[in-house]
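Novice: Each chain, written out:
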Amino acid sequence: MAEFKEISPDAPLGQKALNWVDNRFPLSKLFNEHMAEYYAPKNFNWWYIFGSLALLVLVIQIVTGIFLVMHYKPDATTAFASVEYIMRDVPWGWLIRYMHSTGASAFFVVVYLHMYRGLIYGSYRKPRELVWVFGCAIFLVLMAEAFMGYLLPWGQMSYWGAQVIVNLFSAIPFVGPDLALLIRGDFVVGDATLNRFFSFHVIAVPLVLLGLVVAHIIALHEVGSNNPDGVEIKATKDDKGIPLDGIPFHPYYSVHDIFGVSLFLMVFSAIVFFAPEFGGYFLEYNNFIPADPLVTPLHIAPVWYFTPFYSMLRAITSEMMYALIACVLLGALLGVVKARLNMVMKGAVVGSAVVLVALMLAIDAKFWGVVAMGGAVVILFFLPWLDNSPVKSIRYRPSWNKWLYLVFVINFLILGYLGVQPPSPVGERVSQVGTLFYFGFFLLMPWWSRLGEFKPVPSRVTFHPH
Amino acid sequence: MKKILMGFALALGLSGSVLAAGGGFPLDKAPNRTNDMAALQNGAKLFVNYCLSCHSAAFMRYNRLRDIGLNDKQIAENLTFATDKIGDTMKSAIDPRQAKAWFGANPPDLTVIARSRSSHAGTGADYIYTLLRTYYRDESKPTGWNNMVFPNIGMPNPLWQLQGERKPVHEKVESHGHEVELLKGWEQVKPGTLSAAEYDQNVGDLVAYLQWMSEPAQNSRVRIGVWVLLFLSVFTLVAWRLNASYWKDVK
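Chains as they are written, first to last, in our numbering: chain A, 1 to 466; chain B, 1 to 251.
Treat the hints as calculated values from the structure; they're not laboratory data. The reader is advised that the hints may include incorrect statements.
[Claimed, not checked] As a list, the in silico DSSO-like pairs of lysine-lysine whose alpha-carbon atoms are at most 30 Å apart: (1) A:Lys42 with B:Lys251; (2) B:Lys45 with B:Lys29; (3) A:Lys73 with B:Lys85; (4) B:Lys248 with A:Lys237; (5) B:Lys100 with B:Lys73; (6) A:Lys73 with B:Lys248; (7) B:Lys251 with A:Lys234.
For clarity, every value in this text was computed on a predicted model and none was experimentally measured.
With the rest of the complex left out, here is chain B (with noise of 0.2 Å):
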């Protein structure tokens, strides 16, 4: 009996996972930091910089930065761009219009953006660091940008000044008789404002931040549900007991 559900786990475990590599690029790990205050901090300024440009985070006000840590002041001063008064959402002050012209798509919203890039290969969060990492020069392409997580992506990279320019070396392999041309590693062309780490670093940061906007009361939840089933652990003692002593008379 167990045998027949253990075959029956692996029968499903293993098509699920021949399904899985037909999928894309592999997702690197993003560093879990949603709460780390210096690193949402960072990511927030670094969102409101390079990101809120062109992006929205419509449903995200201002205000609420006050759970990583910033108080009023600071958030009027140094993050506002866009808008005087800190109880409003991040808008973007593109025109959708020249958007679409621009970018042949307009620039999705991205307060969600985190848990909607979700997939059973990796976190959105997983699949944002990846995507920020994996930019190269595509002169074929209309923005001169080309992507390994989204082919023919539309947005130029974003952080380029931070990391300067990259190309891929590909090498070619053998694999089951057909020649495939893995990923080795990248090439610098030009050199940005950051080291490869600390650009790693930042975009870690970056990440934190989205995965953190898109669920602004994700830690307080997990703390919340320790006390609730801390207490529901009591109740069930107390509920057991009850009903033991109850139940004792029954023959």
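The shape of chain A in the complex, shown without the other chains (with noise of 0.2 Å):
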């Protein structure tokens, strides 16, 4: 426990009010560790200020949420004229609707961003292992956050997006029709559902996210932030043990957030006020209709950030699941040839390999769409153990490594259009090759971060005044 600490009793109001809570909550303690005495390296670039813009974005769908809340009306029968009436007869109602509909592309839109900065900069690298899991677990609960507030406009893509989601887990075998059905509460998307995703959607994710979110920054600030080199900072300190490239994060990185976030605001607010539907994007066109169980629309397509995701879900049929077969059996070959493993160890691969291509052979392609689907996603939860590069940050990794992201980001944009379009023969082929591009790109990354000539890291992060 800290001393308790006597102040002048001349001392102006405000220390002394700041004293009498510093005695009893640690007021200016946290606020120096978090804020003016936490350390963040100066050579910052603009992929840096994607994770105060989430927690903006955050902000903004409590807030609008809250008041969504207010006026909505979680029953089928009147959700749909409920946001109609928040459209119509609240005040400024269609503007807190807009900036919550828009928010929810925007959190992705930062989000993917942030994510791909923490990518080609090696953050997730030790000891930042815990920040990168705890941002990947508020990524999927993001997704749970944004498919369960989806349905509750009670629209036709609304409904029948729930519908088809949820069907997918009837795909799991023994457990799976079962488990569809605890998650709707009833035989098809209904009244139970829609109540149960908005309790969800208001209070239990939230709950969740927001834990989650101050996990991510409490594991940060323990490890401090890495940078653009990914060089620690705190390996070189001045004799009062501050970092000789850390700056305060209060002021610099603060005001440095403020001119970010206004940036960030003229676009968004450019959205909400101009084009609040952006091309059927982020308001689809379908969900103007109210959601009606007998018709089915011809063409049923998830919001643009499941897309991707969706793709792959969608590119693994049963013919696909033959190629899949001899990825599996190709991998288990290599592991016997040439991984130095004993014999017991090779049995064990063999054995498995021989189990896993059973299972695939017996259990339906769907099934294993719906893997591919949740497994993209989760993959990402290892990536500090599947990268084995000497170095963090791509500046320093061999060029072509710069080639391999690229072409990585091209390909998840293009799983994403596909996801958008109708079902088409090209584009199934094209999202077969990207669908075993993205696990590529990840499951032999133990192999190729090793490859090539790495170029020499400083000792000190690269900055050039302003």
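Starting from the two chains in their separate frames, assemble the complex, guided by the hints.
Specialist: Here it is as structure tokens:
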């Protein structure tokens, strides 16, 4: 426990009040630890804005969400009408609703960019593995939050999107149908589903999300931020123990973030006020038709931020299963021939490959599609242990790595584009190649991340004063 | 690098247009009149007279029509046939069961129809504007009417008194080795009370009204947005300079 601090009776009122609080709650201590004496590398570039922006969007979503819940009715007969009521009769309701719907898409934009930043600068490497793992958990929970929130306007796309995705769970052997029933609370998506999704969307999932965000930031402030050079600034300290390349987060990065936030708000407001539907991608046109369980829309597509994963789901056809089986067998063969393992381990590799192939042949491709979709997110959690590169940042990796990461991004965008489109034979082939590339990128990372010629990493960060 | 990106953009663009070409009847561009009070008032009158007997606009209140320059007295005297309270929403008097028996389906609610009928082929306004101008007589249909945009439509031409009766004139064209029928023009079979040009003008007004009704806040939204962006640009300027003045100490 800290010692009780007396202050001169002549001190200004503000100081006295702060002293009173500090003797009872670590206010100054927290502020210093996380802001004024939290040393961040001085060489951050614009990629480093997206963490703060994600926090800002989270706040926007919570605040607008609170106001929406005041007027929204989670009831299948009145939900659609209550959203239109918000759009028409609630003062500024249209603004609150558009901020929330645009915020959902903005959240994914900033989170995808934030994750990509981590990917290229190796921010997930030791000692920041848990920062990354918490971050991946945030991404997963955010997907659940967005999926459940999308049902609430109770339009055709809300309804049929939920119907399709919940039905996926029924592809799981043995427990699937019962699991889908448990999620829906009914045999089709209906009032019961709407009520439980509402409850999850406004209470359960946001609580988990906030907890994870706190864990993410605490873990980050424990180890300190990485930077574009991937150099540990704590390795070079001055005589007071302050990193030489570190600057206090406040005021340097707080003013930096205010500038970044104002630029972000310009883009955000331009969408909210001038193009809230964003060409049918942020608010889908079909969702202005009230949900009708008897009329299936011709083309059901999830919202854009899910489409890369949805593409991977659709790519797993029974034909594709043979390609995947070939991959498993090839992997096992390499494991036996190349890897330095003892005979018992080699036997285990062959055994598990045989079991996996048997399962792949026995269970319907639809289930493996679900596995691929889930696996595409889950594989991100393992990134810190897949990367064997001797350096963190892409700046000091072999030059061809830049091309590889570029192809990774383009591949992800193409998968996203194909997920919006109705299925087509060409699209199916492209998405299958894309899926193999996506998983190959991660699963072969232990091998390719060691290859090539690495550039020397400087001992201090590179920084040019503005 | 730029070339590669361009290549991808081209590939995506091409595949997009191929898919779009598979769609239906090409849509005409609806005139944009959501800021034109006289057009909106005429559209509201047409809507109440010709649409509201079968279609509701169940999320739209009569008194919201103040936004298009009408006062409560004008609304109450000229537009509220189905109710005597101008705070009510626009509900049609049709019995859903009878509607289903007559037309094969319930007439959809029209409040947000101009938003829900949008697609990558055109806006919802374009769709309705084209739909209401491509009706033709077809005795093989139960209602005696058919439509270019919406083949086998359940709704007979609601504006037939204004437009009269027409039939399409097709022309056979050789294309890629196949004979295809193309729409060449229209032949007026029975005249309506309006000329073709007047009819288009009135349908334009009606569509403008539907477009406005689908989001009554749309024009104030844009107006406010301009001020918000002006404020933010000043704020950004201040934030930029503030940031620069702090960062000049960082060496």
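Novice: Which hint numbers does the structure go against, in order from smallest to largest?
Specialist: Hints 5, 6 are the ones this structure does not satisfy, whereas the remaining hints hold.
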